[in-house]
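**Q** Sequence:
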Amino acid sequence: MTDTTNTVGSFSARAQVYDQYRWPFDEKIVSRILGRLHRPEQAVCADIGSGTGMLAHLFVDKVSSIYCIEPSEEMRRLAVSRLNAFPAFIDISGFSNDTGLADACVDVILVGRALHWFDIQSSKREFKRISRAPHWLAIVRTPCTDTELMSSLDALSTQNVGVDLAQKTRRIADVENKYFTGTGYETFAFPGVVVETWEEFFNRISSFSYAPRPGSVLYPRFREALLGIFKSRSQEGKIIIPMKTEVLLGKLS
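Per the working numbering, residue -7 is the first one in the sequence shown, and the count goes up by one each step.
It should be emphasised that the hints constitute simulated quantities derived from the structure, not laboratory data.
The structure displayed is predicted, hence computed values, not measured ones.
Where a beta carbon is used, it is the ideal one built from N, C-alpha and C, also for glycine.
This list has only true hints and no planted wrong ones.
What follows is a set of in silico ranges between Cβ atoms, one per label pair, in the way DEER data are often shown: (1) 65 <-> 186: 20 to 30 Å; (2) 76 <-> 179: 25 to 35 Å; (3) 79 <-> 225: 36 to 46 Å; (4) 72 <-> 186: 19 to 29 Å; (5) 191 <-> 79: 34 to 44 Å; (6) 8 <-> 208: 15 to 25 Å; (7) 219 <-> 114: 35 to 45 Å; (8) 230 <-> 147: 16 to 26 Å; (9) 173 <-> 142: 28 to 38 Å; (10) 186 <-> 8: 18 to 28 Å; (11) 113 <-> 213: 37 to 47 Å; (12) 213 <-> 139: 23 to 33 Å; (13) 229 <-> 121: 43 to 53 Å.
Work out the full structure, taking the sequences as your base and the hints as a guide.
**A** In structure tokens:
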């Protein structure tokens, strides 16, 4: 992540909920990404904005080393708990534009859900500095593919239910293709389905930075609005949500 107090604070307070309720990445992305490298088992990766280690966990036993760069102490604590048994895991307190890594030491850079927090220009410079030519970058995300559900969630994204609209706008900004050279990247995806209880649905959405925190005067209103969406779409106490693990893989511009 980029060095801002607000960024780190947004997720330090939600780390446990984030780790427990965010959707997992599909493990099939690993072979597609590492397949671009000459000797994947000897590869050195850097997971920038690595959070609680959810993305790194897929790679840590398949590469030589993986640097997990994350500024939030709470996030890193959970990542260490998850990954410390793996010799390849290297925990680093750092930011997207100040990783602390040496020049040209990384074969591929991985970025998951933290991308929207990065300052594009300074982060690109840092990515180019720490990566070896041809400067591979893999951006990984897990979007919901149910347009009707997304429309319902977007409709409640108003200040009267406690949603931070500035954070919401930043989260959905289309910044991915600003990291690559022209059309010099490929996009691939693996579809999936998630089944959530009310607790899982609510806590996952509550883990987003734009959601009001417990104790906020608007938190009950936010919860009530989400409960209305859940009840309208659930059956026998569960909601089925189509999603995908999507990867943008290419060379840094």
